[in-house]
Amino acid sequence: MALDSKKNTLTDQKLLQIHDLMVKARVTEERLIHIYKQGLGYFWIGGPGEEAFSVPLGLLIDKGQGKNKDWLYLHYRALPTLIAMGLDMESAFRTMFNKATDLSSGGRNFVNHYSIPKWNVAPITSVIEVQYSMAIGTAYVQKKEKGNKSLTVVTGGDAGSHESDFASCLIWSSRPKKELPILITVQNNQWGISTSYDEQHGSKSIAERAKAFQIESYVIDGNDPIKCYHTLKTAIKSIRKNRKPIFIEAKVSRLYGHSSASGANYVQEPCCIKNFEAFLIKKKLITKKQIKDIWERYKETAKKIQQKIMKEKDPQAESIWQHVYFKEDASDWRKF
Amino acid sequence: MATMVQAIRMALHYGEKHLEVKDIFGQDVGPPLGGVFTATQGLKTTWNSPLDERGIIGTAIGIAMTGERCVCEIQFADYIFNTIDLLKLAGNNLWASHGQFPLPLVLMTPNGAGIHGSIYHSHSFDTWATRIPGWKIVSPSNALDAYGLMLSAILDPNPVFYLKPKALLRVKSKEKIPGEPESEKELKERIDAPIGLERENWKARWPKLELYTVPLGKARLVEEGTDITVVSYGRSLVLCEKAIQNLDISVELIDLRSLYPYDWQSIKKSLQKTGRILFVNEDTEVSNFGEHLAYRCTKEAFYDLLVPPTVLAGKQVPGIGLHPNLESATVPQISDIKKEIEKLVHSSL
Chain A
5 MALDSKKNTL TDQKLLQIHD LMVKARVTEE RLIHIYKQGL GYFWIGGPGE EAFSVPLGLL
65 IDKGQGKNKD WLYLHYRALP TLIAMGLDME SAFRTMFNKA TDLSSGGRNF VNHYSIPKWN
125 VAPITSVIEV QYSMAIGTAY VQKKEKGNKS LTVVTGGDAG SHESDFASCL IWSSRPKKEL
185 PILITVQNNQ WGISTSYDEQ HGSKSIAERA KAFQIESYVI DGNDPIKCYH TLKTAIKSIR
245 KNRKPIFIEA KVSRLYGHSS ASGANYVQEP CCIKNFEAFL IKKKLITKKQ IKDIWERYKE
305 TAKKIQQKIM KEKDPQAESI WQHVYFKEDA SDWRKF
Chain B
4 MATMVQAIRM ALHYGEKHLE VKDIFGQDVG PPLGGVFTAT QGLKTTWNSP LDERGIIGTA
64 IGIAMTGERC VCEIQFADYI FNTIDLLKLA GNNLWASHGQ FPLPLVLMTP NGAGIHGSIY
124 HSHSFDTWAT RIPGWKIVSP SNALDAYGLM LSAILDPNPV FYLKPKALLR VKSKEKIPGE
184 PESEKELKER IDAPIGLERE NWKARWPKLE LYTVPLGKAR LVEEGTDITV VSYGRSLVLC
244 EKAIQNLDIS VELIDLRSLY PYDWQSIKKS LQKTGRILFV NEDTEVSNFG EHLAYRCTKE
304 AFYDLLVPPT VLAGKQVPGI GLHPNLESAT VPQISDIKKE IEKLVHSSL
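These protein sequence lines are chains A and B, in that order.
Quick note on my numbering: the first sequence kicks off at 5 and runs consecutively.
Quick note on my numbering: the second sequence kicks off at 4 and runs consecutively.
Some clues are possibly wrong.
Distance condition first, Cα-Cα at most 20 Å in a straight line; then the derived DMTMM-like pairs of lysine to aspartate or glutamate [to be verified]: (1) 303/A to 149/A; (2) 191/B to 178/B; (3) 147/A to 178/B; (4) 148/A to 71/B; (5) 71/A to 71/B; (6) 20/B to 167/A; (7) 312/A to 94/A; (8) 73/A to 71/B; (9) 47/B to 149/A; (10) 91/B to 167/A; (11) 182/A to 71/B.
Derived by calculation from the structure, the hints in this document are not laboratory data.
Generate coordinates for the entire structure from the input sequences, incorporating the hints supplied.
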């Protein structure tokens, strides 16, 4: 599948930046998978195959802390978005090795389950739908404030859209005269673990459901980073101005299966990075040699980071009592 | 004197006026109804949500995530079961994020039996709530505590579960709410919405209320006694109060007020004095929260016990039947409490 260069209005610099970040995210994920297969990690789940959608999303976020910045309720395949926002590789490895130095959860949560208050990234959970109902609250707060141009972004997969929280999100964000500034996305990879999309969906697309609530909706090729960038940019600009929801269904690939539970082996589906590289070479923006160098550079970096992070501190048993309640770790409630 | 529901309403008003509560919402919470039990009539920040319990809890979490304070309502505790994983998530949000995302929210819901509410308006959620770490759980037994616990819940930076004992909502207080007008009539005229068309343009005229808090995690000693300790909360506490009247036994009665964190020191101190302890609540008896308390008594005060610590709770049946004979056979009644106290005091190890 070739990308359509005529529809591109991105600068050469932006195209190369997107490519670089996509590779960085992919190499990080592939190293995490490698760690799992080495027997050095308990579990892997992540986002290889979603880079073409997720990297542009990360680049378009108005990141920061507080109600006047964008809020993100992401799913566990969102590493490319966070890499595009500036997350370092170290953070990913710390989640994989469940280290005490993992700022997101201190070694409590799975790999790629981030929580980053400085960028309004709400804690990512293993539950595939809850983010859709939580995002309503943040978008509601943003809508209430006059002059606030920020929005809430909520992402998930097609299986997550089966759950009632997805319906809640559509209902609450489209109430007459109370519409919410929220970007609702489904990265549809056609699978819910081992159950195919076609077995479970009677509707033509998930976007059809959003349309029923008068929500402006799009179905796009999630393997085309240019298309994704343009659609996301237009949608985000519109939400900032009109304070109304927009829904995007991006058809993406799932390149390593559901998770390590299904083997985490490479699957022959369209690869957004390979397609994009063919486009960049054809456009003479980059050579094969330069592409190879980028991959090698990130692979080498990832290896070094792995070795460094493995030596960092593990969480201690006593830490289970921390953060049950806010700033009350030493209270009487736990003295059994 | 104010009823419990008036006290809750006044506390919510105090919360939105002085404690930065910006949203009070749920199904039928806003005008015109102001809550099915009228707990939210006349308030400034109320609004009606879709009939969607998961949406209500999710939205409350999202609002709290930004640091704003809100109070949400599930219309009856019986309808909260489809939100249980979101409740789990609200409870673990701080812990899972390594202390980074506190959730200052209050969830209130009418709880328990006593109004002939049949299978889906009588259930208790007490024990279920205590199984969800990260929440604080309170249930008042009188109007003044209802006021003070609500204000403490609003001020707390953690998610707080506020179980409203629905059978007590219309019960008048024995003590004044700080700032409450002298006459009941005046209070009613000021804060109870009129029925009919007048309601459309009605606005509450709130009295000048004062801050009054009941600390979370602290029990109240209702009656001092020497023969037996009875520990209860919410509606059951009132039944216990009635049960011990005219009883020829010296009962020490403790109102737990907070189910979690609970006031273990008060329970233990009393048990060490009396040697006998009875826990009373309405939730079903198998894996009941009271069983945990009884276990802890055995574990930490075994040599002080004169009789086995005992739990009097609801029957382990799938629902609470509508007919009074069915309801009274299902949840503890005054006569059951009396009998159990007498049995424990007159038996020995």
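> Which hint numbers does the structure go against, in order from smallest to largest?
Replying inline: 1, 3 and 6
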